[in-house]
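Participant: Just need the whole structure built from these sequences, with the hints factored in.
Line by line, the protein sequences are chains A and B. Residue numbers are given in the numbering used here: position 236 of the first sequence equals residue 236, and the series is strictly consecutive. If you want the numbering used here, it's the position in the second sequence, counting the first as 1, plus 1000.
Heads up, some of the hints might be wrong.
[To be verified] Just a few of them, taken from the derived set where beta-carbon distance is under 7 Å, the chain B residues facing chain A:
#, residue
1, Phe1108
2, Ser1115
3, Ser1291
In short, the hints are calculated from the structure, not lab data. Note that the structure is a prediction, hence the values are computed from the model and not measured. Where is the CB? At the ideal position from N, CA and C, for every residue including glycine.
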Amino acid sequence: MIRVDHLTKKFGSFTAAGDISLALARGESLALWGSNGAGKTTIIRCVLGLLSFEGTISVGGRDIARDGKRARSLIGYVPQELAFYDDLRVWEAVTLFARLKGVARVDLDATLDHVGIPDQGGKRIRELSGGMKQRLALAIALLGDPPLLVLDEVTASLDVCGRAELVALLGRLSGQGRSLLFASHRADEVTSLAQRVLMLEKGRVNAEVPVNQFVAKLGAGSVLHLHMPAPSRALAMELLRGHGFAPTLNGVGILVPVPATQKAVPLRLLAEARLSVDDFELLSPRDASLGQENHA
Amino acid sequence: MSATALETREAVEAHAPGMISNVLTLAWRELRDALRARSFLLYSLAFLALGLGVSYVSAASTGSLGLSGFGRTTAGLINIVLLVVPLMALSTGAGAIAGDRERGMLLFLLAQPVSRLEVVLGKYLGLAGALVACITLGLGACSLVLALQGGATEPRTMLWLAGLSILLALSMLSVGVLVSALARRASVAVGTGVFLWLALVFVSDLGIMAGTLAMRLPVKSLFLATLCNPLQAFKMWALHSIDASIDVLGPAGLYAMDTYHDALPWMFGASLIGWIVVPLLLAVVVFSKRSPV
Chain A
1 MIRVDHLTKK FGSFTAAGDI SLALARGESL ALWGSNGAGK TTIIRCVLGL
51 LSFEGTISVG GRDIARDGKR ARSLIGYVPQ ELAFYDDLRV WEAVTLFARL
101 KGVARVDLDA TLDHVGIPDQ GGKRIRELSG GMKQRLALAI ALLGDPPLLV
151 LDEVTASLDV CGRAELVALL GRLSGQGRSL LFASHRADEV TSLAQRVLML
201 EKGRVNAEVP VNQFVAKLGA GSVLHLHMPA PSRALAMELL RGHGFAPTLN
251 GVGILVPVPA TQKAVPLRLL AEARLSVDDF ELLSPRDASL GQENHA
Chain B
1001 MSATALETRE AVEAHAPGMI SNVLTLAWRE LRDALRARSF LLYSLAFLAL
1051 GLGVSYVSAA STGSLGLSGF GRTTAGLINI VLLVVPLMAL STGAGAIAGD
1101 RERGMLLFLL AQPVSRLEVV LGKYLGLAGA LVACITLGLG ACSLVLALQG
1151 GATEPRTMLW LAGLSILLAL SMLSVGVLVS ALARRASVAV GTGVFLWLAL
1201 VFVSDLGIMA GTLAMRLPVK SLFLATLCNP LQAFKMWALH SIDASIDVLG
1251 PAGLYAMDTY HDALPWMFGA SLIGWIVVPL LLAVVVFSKR SPV
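Facilitator: Pasting the structure below:
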């Protein structure tokens, strides 16, 4: 569905994406994962033909640089935040984009219902919440039933509930034979939606892995930092040691190195033993060791 | 693998709407937006008020002078058009692309199956429609006032003036859209538009006068330099239409009448149409090369 060969995008002397190659088959979902500045959005904008670039990109076999309009007719795009005429009513926006996508007839109720915003057709865009706007952008992206969805950090501006709901909705949609290319810096989204992950760092591909390996790669060597009352720490240490963990005290809590697939196990064990945990965080080994040094 | 080979092997059926369909869709959207915009409403009201004022005063002062009174009114209206229409068109055009870019709307629009040419043409046509509506309303209301005052209005003259005003508006709109394609921020684009308006309305005349004095420009060069300003081309064409002469412009006018005579309307038309086509083409080229963010 998408083929990117040796994509390089520079802004002046800064290389936002360097020699990126990727392929996405029909029905497959690929995540572009990385921190801010990793090059995720740049790659997506190049795939959409919005930026000039070196290399070649084809969508559905059509070169985006030479036949961008027809290539884009195969894409439904959802941006990080829907920016459009705010005083437009929802039905007007849907109708406008349906026309631009060559969709002759739109069942507005079904379109809005499909993305979980029924009865919102008469509202102005500015009256919608952030989550509703994203759902409207998704409804617009799905007009004409494109075989490819391209999503650029679509949950970045949403609260926890909105994020979970949208990810669940996208999960249902991606299971309908559509290809999905999406950018995210959230591991939970990646594991929920992707089959493969392109791990990016500073505009370069660090690794391309199946999602199960992504979890292992990401989680290997994580350290769970448990904040708990001082009197219960000794008991907790003993309990965790008894279950094969190697906890250490760091003054305000306990550091527990955890494998990728067992990050919540210490929490469950402590809960079962009725040992209260005030807070917790997941650290990289480097951050954990830095914390130890600072404390020392 | 070459792009062509890839296309043959993997091509997925893709249907995108035709260019005319997309341009009309975008133009309709732009027209509705422009007509709803507060700034546009203010410009329209200003144009209407000034035009009505000129018509009323002119008709009242000429009494039953009939067509000569109307000619005086038309001359007054030409000055109103020269002042208001370029400002309205330049600032409207200047906000068209830069504003959408700044708000992030351009990115979302261009991610759809539309080409950049379609976006520029759609915006241009929509805004042109709004300007035409404003000019027609303004001049139509003036004609009505003149008719009610008992002045013998000649519809053909008014229609001609409206036509020339629309050409002037379209030329200034093209310049505005070019400025908008070049600018990153809407405020810079609109500021540049207003600066250009000042330059064309006021500075251009002074510049030509200063140039004539300093460099002792021959009368031919003086006339051609004047012709390069679309506002002057409009004014000369409008005066020529009323009087079949531009002697009122002095030596340059006399020279032009003697030298070009029948070709003058074509020269005025070429100047205005050039100012419509060239900046618009440049806007398309610039917009095609620039990032939408």
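Participant: Of the hints stated earlier, which fail here?
Facilitator: Hint check: nothing fails, all pass.
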